[in-house]
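Number of protein chains: 2
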Amino acid sequence: MKVVVLRWGHRPRDLRVTSHVALTARAFGASGLVLADTKDKSIESTVNKIVGRWGGSFEFEMDVPWRSYVRSWKKKGGTTVHLTVYGENIQTSDVIHRIKKTKKDVLVLVGSQKVPSEFYDEDISDFNVAVGNQPHSEISSLAIFLHQLFGGEELCREFRNAKLRVIPSNRGKRIISE
Amino acid sequence: MKVVVLRWGHRPRDLRVTSHVALTARAFGASGLVLADTKDKSIESTVNKIVGRWGGSFEFEMDVPWRSYVRSWKKKGGTTVHLTVYGENIQTSDVIHRIKKTKKDVLVLVGSQKVPSEFYDEDISDFNVAVGNQPHSEISSLAIFLHQLFGGEELCREFRNAKLRVIPSNRGKRIISE
Chain A
10 MKVVVLRWGH RPRDLRVTSH VALTARAFGA SGLVLADTKD KSIESTVNKI VGRWGGSFEF
70 EMDVPWRSYV RSWKKKGGTT VHLTVYGENI QTSDVIHRIK KTKKDVLVLV GSQKVPSEFY
130 DEDISDFNVA VGNQPHSEIS SLAIFLHQLF GGEELCREFR NAKLRVIPSN RGKRIISE
Chain B
10 MKVVVLRWGH RPRDLRVTSH VALTARAFGA SGLVLADTKD KSIESTVNKI VGRWGGSFEF
70 EMDVPWRSYV RSWKKKGGTT VHLTVYGENI QTSDVIHRIK KTKKDVLVLV GSQKVPSEFY
130 DEDISDFNVA VGNQPHSEIS SLAIFLHQLF GGEELCREFR NAKLRVIPSN RGKRIISE
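Protein chains in written order, with this note's numbering: chain A, 10 to 187; chain B, 10 to 187.
Hints are computed from structural coordinates only; laboratory data are not their basis. Check each hint, because a few of them may be wrong.
Unchecked claim - Here are the simulated lysine-lysine pairs, BS3-like style, with alpha carbons at most 25 Å apart:
{"#": "1", "chain 1": "A", "residue 1": "K123", "chain 2": "B", "residue 2": "K172"}
{"#": "2", "chain 1": "B", "residue 1": "K58", "chain 2": "B", "residue 2": "K123"}
{"#": "3", "chain 1": "A", "residue 1": "K182", "chain 2": "B", "residue 2": "K83"}
{"#": "4", "chain 1": "B", "residue 1": "K112", "chain 2": "B", "residue 2": "K84"}
{"#": "5", "chain 1": "B", "residue 1": "K182", "chain 2": "A", "residue 2": "K123"}
{"#": "6", "chain 1": "A", "residue 1": "K11", "chain 2": "A", "residue 2": "K85"}
{"#": "7", "chain 1": "B", "residue 1": "K11", "chain 2": "B", "residue 2": "K84"}
{"#": "8", "chain 1": "B", "residue 1": "K84", "chain 2": "B", "residue 2": "K113"}
{"#": "9", "chain 1": "B", "residue 1": "K50", "chain 2": "B", "residue 2": "K172"}
{"#": "10", "chain 1": "A", "residue 1": "K83", "chain 2": "A", "residue 2": "K123"}
{"#": "11", "chain 1": "B", "residue 1": "K11", "chain 2": "B", "residue 2": "K109"}
{"#": "12", "chain 1": "B", "residue 1": "K84", "chain 2": "B", "residue 2": "K110"}
{"#": "13", "chain 1": "A", "residue 1": "K109", "chain 2": "A", "residue 2": "K84"}
{"#": "14", "chain 1": "B", "residue 1": "K48", "chain 2": "B", "residue 2": "K11"}
{"#": "15", "chain 1": "B", "residue 1": "K58", "chain 2": "A", "residue 2": "K123"}
{"#": "16", "chain 1": "B", "residue 1": "K123", "chain 2": "A", "residue 2": "K182"}
{"#": "17", "chain 1": "B", "residue 1": "K58", "chain 2": "B", "residue 2": "K83"}
{"#": "18", "chain 1": "B", "residue 1": "K182", "chain 2": "A", "residue 2": "K83"}
{"#": "19", "chain 1": "A", "residue 1": "K172", "chain 2": "A", "residue 2": "K50"}
{"#": "20", "chain 1": "A", "residue 1": "K182", "chain 2": "A", "residue 2": "K58"}
{"#": "21", "chain 1": "B", "residue 1": "K123", "chain 2": "A", "residue 2": "K172"}
{"#": "22", "chain 1": "A", "residue 1": "K109", "chain 2": "B", "residue 2": "K182"}
{"#": "23", "chain 1": "B", "residue 1": "K123", "chain 2": "A", "residue 2": "K58"}
{"#": "24", "chain 1": "A", "residue 1": "K172", "chain 2": "A", "residue 2": "K109"}
{"#": "25", "chain 1": "A", "residue 1": "K85", "chain 2": "A", "residue 2": "K112"}
{"#": "26", "chain 1": "B", "residue 1": "K113", "chain 2": "B", "residue 2": "K85"}
{"#": "27", "chain 1": "A", "residue 1": "K58", "chain 2": "A", "residue 2": "K83"}
Just need the whole structure built from these sequences, with the hints factored in.
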């Protein structure tokens, strides 16, 4: 199952938050991040730097028109999941089970500012998922969603061609540099 | 078990990231956030606004000297957990089990900029925990750590005295305003 994250509504002031979204997407097993309808060279450079050092094949695209990206994703047989505080509760509902059962590639829609109401409709989002129904952070929501989707195995993956690797340790810092 | 989050190394440019840390702490069941060694009225106001509308009794303190706070926490019988990419992997080790087994209140140390090396020592951190050993976000780390500590029940809690409540829904927005 391939997972891509689409970040909607990014503005220059969201630089650090969107960078965290991108790095969370990568570290939690997504294969890429699409920055919708805008460019941000700083995020591109952050992502490229991390991938260069820490490995893997995470893809970053920007200035992608979101509507046509979503349409084409669905046309190719993928499903779409919109993370929103108003959605089905990931803990109390069976929504993760139903998403997995589709066995489709997943496009995760992550908003920033208030999203247009059409995001909640079937045309755009097959599923509306809430990581709890309290306001918090799109970064936390993405992390928990991917963690539940991949069942925790995403946190033990090896990243190919890594120049840096951490040796997990109860004290201090152990890092292998190649 | 009471959980408090201590945010270390906050700078003005971290405003939005630290706000996400605070809201994640609240939404994922912590009882408060301590902003170490600095003041930030904007974060205080964000937290107060959310608590006023969405309920619960989340406490926010700022300008707290971190060393004496950690010492006093440990003196009162609490344990301390430092979230770091270099720590024991939360997924592949038994570290969460060992933390729960202490049955102590937990102070979670969340860095921002590079933390001093003493953070890794026993004097400060009883446990060094990594949410995967890839770089990503202190916000994601905090969310996953609390999610594993509370076993998911944190995502279904009721918040007392809430003026706003979401009714989870597969389409659209349903919200009760009291």
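Checked hints:
no.	hint	verdict
1	A:K123 - B:K172	holds (20 Å)
2	B:K58 - B:K123	violated (30 Å)
3	A:K182 - B:K83	holds (23 Å)
4	B:K112 - B:K84	holds (15 Å)
5	B:K182 - A:K123	holds (12 Å)
6	A:K11 - A:K85	holds (12 Å)
7	B:K11 - B:K84	holds (15 Å)
8	B:K84 - B:K113	holds (12 Å)
9	B:K50 - B:K172	holds (23 Å)
10	A:K83 - A:K123	holds (23 Å)
11	B:K11 - B:K109	holds (12 Å)
12	B:K84 - B:K110	holds (19 Å)
13	A:K109 - A:K84	holds (19 Å)
14	B:K48 - B:K11	holds (24 Å)
15	B:K58 - A:K123	holds (18 Å)
16	B:K123 - A:K182	holds (12 Å)
17	B:K58 - B:K83	violated (31 Å)
18	B:K182 - A:K83	holds (23 Å)
19	A:K172 - A:K50	holds (23 Å)
20	A:K182 - A:K58	holds (21 Å)
21	B:K123 - A:K172	holds (20 Å)
22	A:K109 - B:K182	holds (24 Å)
23	B:K123 - A:K58	holds (18 Å)
24	A:K172 - A:K109	violated (33 Å)
25	A:K85 - A:K112	holds (13 Å)
26	B:K113 - B:K85	holds (10 Å)
27	A:K58 - A:K83	violated (31 Å)
Violated hints, in rising order: 2, 17, 24 and 27; the structure is consistent with all others.
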